[in-house]
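Required output: the full structure, derived from the provided sequences and hints.
Number of protein chains: 2
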Amino acid sequence: MEAVKVGLLGLGTVGGGTATVLLRNAAEIQARVGRAIKITHVAGLGIANQTIVDPAKVKLTEDAFEVVNNPEVQIVVELIGGYTLAKDLVLKAIENGKHVVTANKALIAVHGPEIMQAANAKGVSVSYEAAVAGGIPIIKAMREGLAANQIQWIAGIINGTGNFILTEMREKGRDFADVLKEAQALGYAEADPTFDVEGIDAAHKLTILSSLAFGINLQFDKTYTEGISKITTEDMKYAEELGYRIKHLGITRKTDKGIELRVHPTLIPAKRLIANVNGVMNAVLVYGDAVGPTLYYGAGAGAEPTASAVVADIIDTVRQIDVPADQKVPLLGFKAGAMRDTPVLSIEDTKTAYYLRMSAEDKPGVLAEVSEVFAEHNISLEAVLQKEPNEGEGAVTLVLLSQRVQERNMNDAIREVEALDAIQGEVVRIRMEHLG
Amino acid sequence: MEAVKVGLLGLGTVGGGTATVLLRNAAEIQARVGRAIKITHVAGLGIANQTIVDPAKVKLTEDAFEVVNNPEVQIVVELIGGYTLAKDLVLKAIENGKHVVTANKALIAVHGPEIMQAANAKGVSVSYEAAVAGGIPIIKAMREGLAANQIQWIAGIINGTGNFILTEMREKGRDFADVLKEAQALGYAEADPTFDVEGIDAAHKLTILSSLAFGINLQFDKTYTEGISKITTEDMKYAEELGYRIKHLGITRKTDKGIELRVHPTLIPAKRLIANVNGVMNAVLVYGDAVGPTLYYGAGAGAEPTASAVVADIIDTVRQIDVPADQKVPLLGFKAGAMRDTPVLSIEDTKTAYYLRMSAEDKPGVLAEVSEVFAEHNISLEAVLQKEPNEGEGAVTLVLLSQRVQERNMNDAIREVEALDAIQGEVVRIRMEHLG
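Respectively, the protein sequence lines represent chains A and B.
My numbering numbers the first residue of the first sequence as -8 and each following residue consecutively.
My numbering numbers the first residue of the second sequence as -8 and each following residue consecutively.
It should be emphasised that the hints constitute simulated quantities derived from the structure, not laboratory data.
From a predicted model like this one, the values you see are computed outputs, not experimental measurements.
Incorrect hints may have been included.
Which copy? The list can't say, so a pair holds if one copy fits it or any two copies do.
Stated by the list, open to error - In silico BS3-like cross-links for lysine-lysine, where the CA-CA straight-line distance does not exceed 30 Å:
(1) Lys50 with Lys29
(2) Lys378 with Lys(-4)
(3) Lys319 with Lys113
(4) Lys245 with Lys29
(5) Lys83 with Lys319
(6) Lys262 with Lys228
(7) Lys221 with Lys262
Below, the structure is given as structure tokens:
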């Protein structure tokens, strides 16, 4: 059988990894697929100087539209990244009847609805396994492996940079700013680290997971996003003392009122497997009504781990290249006509437990005063730590753990606590989940 | 579109779970699949008294062959277990042109070659996600999610009973026999626990994983199997001291000489995520050349977790019911014509590191004598613990960790060490893997 022809857009880290894996593992892949897969066209800047693909066998161009418009190309692999050019290229490829594979989480999270609609209308597939958690086959698990379940919630460590920073802070007692600099030097974090440390990258991925879990459309703009730049080693230490770790999680949950969709630092029990996922590794914990908790762990970034997912998508596409679109797995896991408009809740309407830390005057009755405020708001406390001041310091540190409560209610209580005479400065608040 | 008709063989724990999940999640599943899936026929002993399916809507029979011979049934779900009857039923279903879903690991591991050949000849699918690691979608990860990789090795906790026993022994310092009794009382272990604690059940599952990883045929009879009944809390304590935990692992690895295929207790670094998989939970760690390590975690048994995998297979089958067999994922992940005859190595030809414990006379020079034997066999030691005897006891305990060495070589060295005058009794040996 003739080889399937692939056009690659972008020959950077992931593009290079994809070309390398397809070449190195060509025999293995052919044994699995039953036919060869060949990169026949590659577009990239400065492409003439690349050394990964053989220019005698592959048509090289600086103009990516040449590839998506070439009638020979059957599958377009978009690894350029970004929103604008990538979107135009993907839509053009779809218009030209080509199947698309992309690793572009931002593109899918933000322009997914338009892209999926175009692909469904044209009957081509758009695959994006590499867009979430790198090499971990979590998209496949969500769309197929767990398809028997009503998904209850997902909690994921889906940004390796953030997890590396938190791991170093915890294991070595180093400050956020200090570790961030190292992460930048190691190439884990960009010069402008906002996307990673403020949770935007994780929010892109969570948007995709939430859609696959609950059959809702992709709604990146409704995702609540809070980064890790305010996490201190002090809070990590108290969390540890109480049996918890702080992880930067993307959490999505189905409730009676709607879907929670939120990225933020989170205390989780140290005994949970996901609390032991360290360094740059990713993990996604999925809770299904039938299967219970399942966890998927692996490298969330890097040339070859990401290429592993890109090539898996290419293999899926090739295995089914002659299968009509309506007999394939739906692009977002649910039939387009069966998608739901379940509302996404604002952060004030979500419910979670809380870790709260505050400085208080060292005098009798302060804890009683604080507890009373929470009691008035029907907020139960399940643990209290009171740290006496050092000689010559005037303030005690109070650490409280609350039970689950609506965020709006907690905001009101915190405002009242902060207004107490005995409380100094702001209350530090970190959300907490038991994941049980 | 008309509902797809499913015939269920067996309405025990997993059969009941499957019926329950299909009924409870019918709307969710239809939204994902685009058509309804209905159990129309059920076979089981004492079926008239069951309360799970509605006898007004489902045809009940005690004769499973009635179901596999019924022309209305499109998918046969075999949940009877065992080798003989199950094999006849599955082969008959295939002969009748029906797709098959089974949770029967023994059947696939032992009679898989015959069954797959029959299914390939007839152009029907045989799915067995539930046969390995219960609800964890590991078969799908191996056949599809990781298809870009040359798999290097797999290490799995694939028997929940064994993992429960080892976890209790470690956490509570209880003996094997004591915990086994509790596991039996809790229903985790059978009255005859051989299948679980001697590693036969794990060997069935490992046989399947190895075939999917390396494209070799199913060869249960070549799997080396060693159980956990000789593991003591003493060895667990020494392992812990050295930074390791003891887990009952199924390990399969590709080497230059052939495939290693072995189930046995194994020391692994306590820092590895899989070392922290506790209780009845399962986890499979897969190392691919492109993706590196990935891990899949979840419930390995139980009615609904297993049903989650069975129903996922049914959904896969229904989604592709009109797709020709040659455009589907191959039954064992590789095209039938591309399977390999890579030899499976005998245990003496495998290579691993070792934990060794022995009792020695409390006199100078014993450690030197023992070390010399290993040196003569070119076996490097990487750690030594010497435990002084208590007052009035005559023997010291020596604990050694070796580097990787061929098992045959280690056997020779151990025989020589046991022959030393200063060494009392047998050397206790537990294999060790770094999984790095």
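Problem - Numbers of the earlier hints that this structure fails to satisfy, in rising order - result: 2
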